[in-house]
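Asks: Next come the chains, spelled out residue by residue.
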Amino acid sequence: MAKTPTLTNKAANVGLRHRMLNPVAMLWQDGSARIGMIVFFLFAVVAIFAPYLAPYPPFESSLSEAGRLRRLEPPSIDHWLGTTTFGHDVFSQLIMGFRLAFVVGVVAALAVGFVSTLIGIISGYFGGVIDDLLMRLTDVALSIPTLPFAIVAVGLLGPSIENIILVITVLFWRNGARIIRSTVLTEREKIYVKWARTAGASHFHIIINHILPNVFRIVFLWITMSVAFAILTEASLSFLGLGDPTAVSWGQMLNTAFVSGSLRTAWWWVAPPSIALVVLISSIYLIGRGYEELNNPRLRRR
Amino acid sequence: MRAYLISRNVQSLFVVFVVTSIMFVMFRIMPSDPTAMLVDRGMPEEARQALLEKWGLTGTLWDQYLRYFGNLAVGDFGESFFYRQPVWDVLLPLIVNSLILAIPGLLLGALIGAGLGMVVGWSKRGGRIENIGIFVATIARGTPSFIVGIALLAVFSSWLGWFPAFGMGDPGDAAGSQRYFTFEFLHHLFLPLLAVIIFFLPENLLLMRSGVVESRTEDYIELVRAKGVSEPRVAWHAGRNSLLPLVTWLFPALAETVAGLIVIEIVFAWPGVGRELVLAVTRQDYPLAQAAFILMALLIVLSNLAADLTYTKLDPRVAYSRAKHG
Amino acid sequence: MAITFEQLQAQLDEKPSVHLEVLDLAVTYKTVKGSFHAVDNISFEVAPGSNLGLVGESGCGKSTVVKALMRLTPEDAALSGRVLVNGADLIAMNAEQLQKVRWTQIALVTQSAMNSLDPVVRVGDQIVESIRAHVGTSYATAWKRAEALFAMVGLPAARLREYPHQFSGGMRQRTVIAMALSLNAGLLLADEPTTALDPIMQDQVLARIQALQKSLHRSMILVTHDIAVVAETCEMVAVMYAGRIVEYGPTATVLTKPLHPYTMGLENAFPRMPSGDGVRPPLISIRGGLPNLLSPPKGCRFAQRCPFATERCTTEDPIIDIKASSHVAACHYPSRAEEFRRKAAEAETWNAMEGIT
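Protein sequence lines, in the order shown, are assigned to chains V, D and H. In this text, residue positions in the first sequence follow the working numbering: the first is 14, and each later residue adds one. In this text, residue positions in the second sequence follow the working numbering: the first is -15, and each later residue adds one. In this text, residue positions in the third sequence follow the working numbering: the first is 63, and each later residue adds one.
Worth flagging that the hints you see were computed from the coordinates, not collected in a lab. One thing to keep in mind: the hints can contain errors.
[Said to hold, decoys possible] Taking lysine to aspartate or glutamate and the EDC-like style, the derived pairs with C-alpha atoms no more than 20 Å apart in a straight line are:
| id | chain 1 | residue 1 | chain 2 | residue 2 |
| --- | --- | --- | --- | --- |
| 1 | H | K162 | H | E83 |
| 2 | D | K108 | V | D43 |
| 3 | D | K108 | H | D138 |
| 4 | H | K360 | H | D151 |
| 5 | H | K319 | H | E401 |
| 6 | H | K385 | H | D102 |
| 7 | D | K108 | V | E306 |
| 8 | H | K162 | D | D73 |
| 9 | H | K276 | H | E76 |
| 10 | D | K108 | H | E137 |
| 11 | H | K385 | H | E373 |
| 12 | H | K385 | H | E83 |
| 13 | H | K162 | D | E206 |
| 14 | D | K297 | H | D187 |
| 15 | H | K319 | H | D383 |
| 16 | D | K297 | H | E224 |
| 17 | H | K360 | H | E373 |
| 18 | H | K319 | H | E400 |
| 19 | D | K108 | D | E30 |
| 20 | D | K108 | V | E202 |
Please model the complete structure; the sequences and the hints are all you need to start from.
Replies: What follows is the structure, encoded as C-alpha cells:
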C-alpha cells in the first residue's frame, strides 16, 4: 500500500521536469512558432536592459543651443527617431515602452494564469456543485465586453499600472479557466489518478503531482496568449488616454501624437511604437498558432 | 426546440441583469464622489438635495438600486450629467451611427475572411499560399485596431488625400436622416468601415481555414470528388461544413469587435456609442457611461444568442437533436 | 438542352458495361522514412458485365487499389502503370477528362457509409448533384431519377428530403448504393460495402447488390475480406497480400484448388459449412502480420509466414503473369500445390510457425 504512491511520485517528478521544459522544445518544431519565440526573446532582452539602452530620460525636453524647445524634429544624430511635440526623445520613449509592455504583459499574464488555473482545476477536479457555480460565474464573466469594461473600470479606479493589471486579470481569467477545466476533466479520469486515489493520496497531493503537470502545457499556452491580450489591452487603454500618465507606453506615445494632431506629420513618432506593438503581439500569436497546428491532430500534416 | 430557445433567452436575460448590477455597484462604491462635479459646493443644502433626488442619488444603495432597475424596466436610463438630457436621447442617434459602421463591417469582414480562408484552406498543404496566408493573417490579427486606423489615415487621408480624416460629414451637410444618403457620408464612412473590416477579417480567415483543412480529408469529400463534380463544387462542400465551427467561434470574436469598434470610432472621430463611452468616462458622466456599457453587454449577449440560432439553422444535426431532446 | 426524365432513363439504360484492364498499377507514397509501395505492380482484368472479387486482410492494399482506380489517392501518392477503361488510360488523363469518367463510367460504393455522405446536405440533393454534374437536366428531372433510384434500393422517396443523420446505418449504405447507380456507370467499385453493418444488415445489403447486379449487368469489383461473399458473387477473384496480387483466377478454381499457400491459409480462417461427413473443419489462422512495406523483405513477401517456404522463397521474388494462364499464383511451387493443400488443412502445419509473431 505504501509503496505505490512513492513509485508514482517518482515517475510523476521525472515527468514534471520533462513537461516543464517541453512546451518550448515542442513549439520549436513549428516554423512560425520558432520565429515568434525568437522575436519575443529579443524584445524581452531590450525590455530588461531598457534603462541602459535609452539615451535620454523619456520625459526630458530637449533644448537647442539657443535654449529653444526642439519640437517635432525628424530623426537626427542627437535624436535617432526624432522628437515629440514636447521635445521628448522618441527613441528613448520607444525603448522604455518595451519595459512597460513586458511589465504589464508578464505580470498580468502570470496573474491571469494563476487565477484561471486555480479556478479551472478546482472546477474540473472537484466537479459537482462547485463546478456548476464556478461555470455559471464564468458564463456571466464571458458576457462582459472586454474593452468597455476596462475603460469603465480604469476610469473609475484611476489610471495606474496596478489598476490596469488588475482589470486585465479580472477580464481574462474566464476563457483560461474554461480551457483548463476541460483538460482537468480528462486528466481526472486517467488510471494513475484513480490509483493514487485508492492508494490514499490527498486531493492536494494528486492535484500537485498528477493534475498540474499534465495541464501545464495548456496553462503555459494560456499565459503566453495572455501576455498578448494584456499588452493589447494596455495599449488600447493608453491610446484612449486612460494609461498611466507617469509611465511611457507605446499606446500612450500614439495617444499623445494623436491628440496633439501630429499623426499626419510626425511619422517618426507614430511608426516606431506602432511597429513595435504589431511585431510583439504578432510574435505571441505566431506561438499560439504553432501550438494549435501541432496539437490539433486534424490540422497536422501527415 | 421551443423549450431550448426559451431557456436560452432566460439565461441571456439573467446575464444582462448580473452585468448591469455589477456596473451599478461599481459606479456607486467608487472612492470619488460622482456628485462632486454635479453640485456646486456653495449650493444651498435644499437645492442640492433636490438635484440629487433628480439624479436618483438619494437614499441607501439598495433604494438607489431598486429605483434604477425600476426605471430601466420602463426603458429609462436616467439623465446625462454632461448633456443634461435623457441618456436615451443622447444615445439613440449614436447607436444608429455605430450600427452603420459595425454591421456592414462585420458582414464584409466575415464574408471576405471566410472566402480567403476557403482559398488558403483549400490550397496545397505546406504550399506557398498556405504559408503566406497564415503568416499574414496572424500578423494582421496581432495588429491593434487603432494602428490599423492610424495606418489607413496616414495612407489614404494624409498621403493620398482621397478620404476625409474624421467625422461623419462636413458642416452644412444635409441634416436628419437625410444625411445618411449623401455622397459625403459614404465618403466619410469608407475609411472607418475599411478599418472594421480589416480588424475583423483575419480571425475569420484563420477559423475558416482550419475548418476547411479539417473537413477536406473527410470521407464525404472523397465521395463528392468521386462523383466527378467540379473542384469548386467539391470545395463548396468543405466550406459549407466549415461554416459550423466558424459560427461557434464567432462568439468571442464578436465581443472583441466591440472593443475594436470603440478604438476605431475614436481614431476616426466617428460619433458612435463606443466613442461616447470613452468620452463619458473621462467626463465622469456616469449615467451615460453606464447606459453605453449596458448596451454593449446586451449586444454581446444578443450576438451569442444569434450565433446559437444560426448554428442551429446551419447544422441540421443540432436542430434534430434539440427537437428530439427538447 | 435539358433532357426529360424519359430521355434520361433511356439514355442510361443503354449504357454498356465497362471493360477494365489494369496493367502494372503501382501506388507509391513518399514519406520522410523513404518511399513505400502501397500497391506494387498489380495487373488484372474485369470483362464487361463480370464481377471480380478482391480479397485480402486489412492493410494489404485493396482499398488503395480502389482509390487508385478512381484516382482518389492523396496528392502525395504517385501512380504508375495503366488503368484502361474501355481502352482509355485513366492514369494518363488530365483533371477535366478524369472528371468526365468519374461516375459516368466508374462509380463507387464506399466502405464507411456512415461518413461518406455530407452531413449538412439533404440526401436527395447529394444524389441530384451526382446526376447534374454530368447530364444537362433540370433539378426536377434529376430528383425524379433519385426517387427511382431510392425505389431500386428499397427506400421510400419521401426520405430523400432528409439528412444523413436521420438515417440508420443500413439506410445510409443503401443510399450510397443508390448514388453509385445514379448514372448507371459501367463499372462499380464496391469497397467493403457491408463491413460497417451488423450481420443481418450485411446480408440484406449484399442481397440487394447481388439482385441489382443481376438486373443491371454492370461490371463490378467487390473488395472484401470475406471469401464466402466472393464465392457467392464473383466469377473471378484476385487475392492480395502486402500490396501485390498473389493469386488470380476463376473463383471456383481458386477456392477449390488454390495454388498459393496464403490463399490456403485465408480459406482456413473462415468458418465453412460442415462437409459431407458432418465434420466442421477447424478454424486455423495464419500467424504473424504483414511485412513492413517501407523495407519489404527480399524474395516472396509471404515467405516469413509461409509454412512451406524454402531458401529460394527468401531470395527470389516469385512473378505472377496473368496472361500466362487463367489461374495463376505468385509462388515458386505451383506444382506442389496439391501437397500444400493437404498439409494446409491441418492446424499443426500453421502452428509450427510458432516462432513468428
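Asks: Compare the structure with each hint and give your call.
Replies: Hints versus structure:
Distance check on the hinted pair: H/K162 and H/E83 sit about 19 Å apart at the alpha-carbon level, within 20 Å; holds. At roughly 18 Å between alpha-carbon atoms, D/K108 and V/D43 fall within 20 Å of each other, so this suggested pair holds. A distance of roughly 11 Å separates the Cα atoms of D/K108 and H/D138; the hinted pair therefore holds under the 20 Å criterion. The hinted pair formed by H/K360 and H/D151 fails the criterion: a straight-line CA distance of about 32 Å is larger than 20 Å.
Restraint check: the Cα-Cα separation between H/K319 and H/E401 comes to about 11 Å, which is no more than 20 Å; the hinted pair holds. Among the hinted pairs, H/K385 with H/D102 is consistent with the structure: their alpha-carbon atoms are about 18 Å apart, no more than 20 Å. The suggested pairing of D/K108 with V/E306 holds, with an alpha-carbon distance near 16 Å, which does not exceed 20 Å. Using a Cα cut-off of 20 Å, the hinted pair H/K162 and D/D73 is violated, with the two alpha carbons roughly 65 Å apart.
Proposed proximity of H/K276 and H/E76 is supported: the alpha carbons are some 16 Å apart, at most 20 Å. In summary, the hint linking D/K108 to H/E137 is supported, as the alpha carbons are separated by about 9 Å, within the 20 Å threshold. A threshold of 20 Å between alpha carbons decides the hint, and for H/K385 with H/E373 the separation of about 27 Å lies outside it, so the pair is violated. Between H/K385 and H/E83 the CA atoms are separated by roughly 12 Å; this keeps the pair inside 20 Å, and the hint holds.
With a C-alpha separation of about 16 Å, the suggested pairing of H/K162 with D/E206 holds against the 20 Å cut-off. For the hint pairing D/K297 with H/D187, the CA-to-CA distance comes to about 18 Å; that is within 20 Å, so the pair holds. As the CA atoms of H/K319 and H/D383 are separated by approximately 18 Å, the hinted pair is consistent with the 20 Å bound. With a C-alpha separation of about 15 Å, the suggested pairing of D/K297 with H/E224 holds against the 20 Å cut-off.
Pair hint H/K360 plus H/E373 holds up; C-alpha atoms about 11 Å apart against a cutoff of 20 Å. For the hint linking H/K319 to H/E400, the alpha-carbon distance of about 8 Å falls within 20 Å, and the restraint holds. Pair hint D/K108 plus D/E30 does not hold up; C-alpha atoms about 77 Å apart against a cutoff of 20 Å. The straight-line distance between the Cα atoms of D/K108 and V/E202 is roughly 39 Å, outside the 20 Å bound, and the hint therefore fails.
Consistency note: the structure conflicts with the earlier hints numbered 4, 8, 11, 19, 20.
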